[in-house]
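> Count along the sequence shown starting at 1, add 32, and that's the number in our numbering.
A portion of the hints provided could be inaccurate.
[As the list claims (entries may be wrong)] Per label pair, the in silico range of CB-to-CB distance:
(1) K131 with V74: 50 to 58 angstroms
(2) A287 with T249: 35 to 43 angstroms
(3) Y276 with D250: 15 to 23 angstroms
(4) T76 with Q115: 17 to 25 angstroms
(5) K190 with G247: 19 to 27 angstroms
(6) G79 with E163: 48 to 56 angstroms
(7) T136 with E77: 32 to 40 angstroms
(8) E163 with G247: 38 to 46 angstroms
(9) P174 with T249: 26 to 34 angstroms
(10) E121 with R189: 33 to 41 angstroms
[Claimed, not checked] In silico lysine to any residue, SDA-like type, Cα no more than 20 angstroms apart, as pairs:
(11) K179 with H199
(12) K258 with L129
(13) K206 with T216
(14) K291 with Y309
Worth flagging that the hints you see were computed from the coordinates, not collected in a lab. The beta carbon of each residue, even a glycine, is placed where N, CA and C say it ideally should be.
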Amino acid sequence: MDEVVQLRLEFQETAVADEVSAVTAIVRPVLAGILSALKGEVVTEAGGYDGVKLFMLSRLRRPGDGDIGVCFEYAVHDALNKQNPMILERVNDALLLCKEPGGTVSSILFGAEKAGALNLIDTAKNLLTAESILMYGTKGRPVKLRKHIESVAAAFRKPAARDILPHSISGLWKADLFTGHSDTDRWIGTTLKINRTHLEGARGLRLGIVPVQEGETDAIVRDDFKNLVVCPLPYDRSFMQVFYQAWEVVVQFLAADAKVPKEASLPRPPARQVARYLEDRRNFPVADVIAALEPLAQPELLKTQEVRASLLETRKQHTETTSALLAPMPRQIGR
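All chains should be built: construct the whole structure from the sequences, respecting the hints.
Structure follows, in structure tokens:
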């Protein structure tokens, strides 16, 4: 039976107002996400999910619990599979530039790594068929993606395994998504980077997706040097910025033993104010703190949706891995 990971999607419902109330609004689901990611036996010893006090959260949490490291990848993946028009049209245009036409754009989220464990999320079993073709963008015969998926996964964690991959797709282990058209069953190795300067080409990759950076063009272009079609995605920068500010507040607060951290660790006055809210309530259960912050938070900024995604382990040994991922979902125009 496949394992699952809990995904907490935070959908932006309204525009960001004042910074303190906006950060407070997002701190609440961040705390909830970290609490829900704690191991069950640890929570039981601490008094259950309703009894874990805020100051104990800083001592019970381990790096990786409630991780948001793949939030951008999941946000893009989810938007494509839900046919979000803000992203769908641009990625479809990029696929056409890759000379891959089709009717229904789809995405497979390839991997998330924690402490050396590689898992496949929203596993390829449900989308790939024996006839699924990987189009890798150079001369040669297309490869059957399903046939090589385990080898690609192994190459991600073990450099020696990369020699086993066909030369034409020897860099496919760097993929974050497989995007394509489910009606034609053709897929493209896709890499996503928050920072466009970190975008790298590799054999087997054809598409690079990055957020639009201030002052840069949002045009979809072909980078011949990297052999990638680069697709910049517009998103509400104010929301993403506040989301990461909230994450910073919580992480720095917990790292300071559930107290307001030193100014160098949290220099912005609005962030420090939110940290004071938390310190004032450090001796209360986390669940009560989340509820107590609601009147101080910007109303109706976020709507939380929890989903479960299947995990396919690629090696049979016990490793520590995160059980929950937290993903910000930018506001959609017209909502």
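> Each of the hints needs a verdict: does it hold here or not?
Checked hints:
Between K131 and V74 the C-beta distance comes to about 51 angstroms, which sits within the given range of 50 to 58 angstroms. In this structure, A287 and T249 meet the distance hint of 35 to 43 angstroms, their C-beta atoms being roughly 38 angstroms apart. Between Y276 and D250 the C-beta distance comes to about 21 angstroms, which sits within the given range of 15 to 23 angstroms. Separated by about 41 angstroms at the C-beta atoms, T76 and Q115 break the suggested range of 17 to 25 angstroms.
The beta-carbon spacing between K190 and G247, approximately 40 angstroms, falls outside the hinted interval of 19 to 27 angstroms. Taken as a hint, the range 48 to 56 angstroms holds for the pair G79 and E163, whose Cβ atoms sit roughly 53 angstroms apart. A hinted range of 32 to 40 angstroms is violated for the C-beta pair T136 and E77, which are about 48 angstroms apart. At roughly 44 angstroms, the beta-carbon separation of E163 and G247 lies within the given 38 to 46 angstroms, and the hint holds.
The supplied range of 26 to 34 angstroms is met by P174 and T249, whose beta-carbon atoms lie about 31 angstroms from each other. Roughly 35 angstroms separates the CB atoms of E121 and R189, a value that falls within the hinted 33 to 41 angstroms. Restraint check for K179 and H199: the C-alpha separation of about 15 angstroms stays at or below 20 angstroms, so the hint holds. Of the pairs offered as hints, the one joining K258 and L129 holds, with about 15 angstroms between alpha carbons and a cut-off of 20 angstroms not exceeded.
Between K206 and T216 the alpha-carbon distance is near 24 angstroms, which puts this suggested pair outside the 20 angstroms criterion. About 10 angstroms separates the Cα atoms of K291 and Y309, which keeps this hinted pair within 20 angstroms; it holds.
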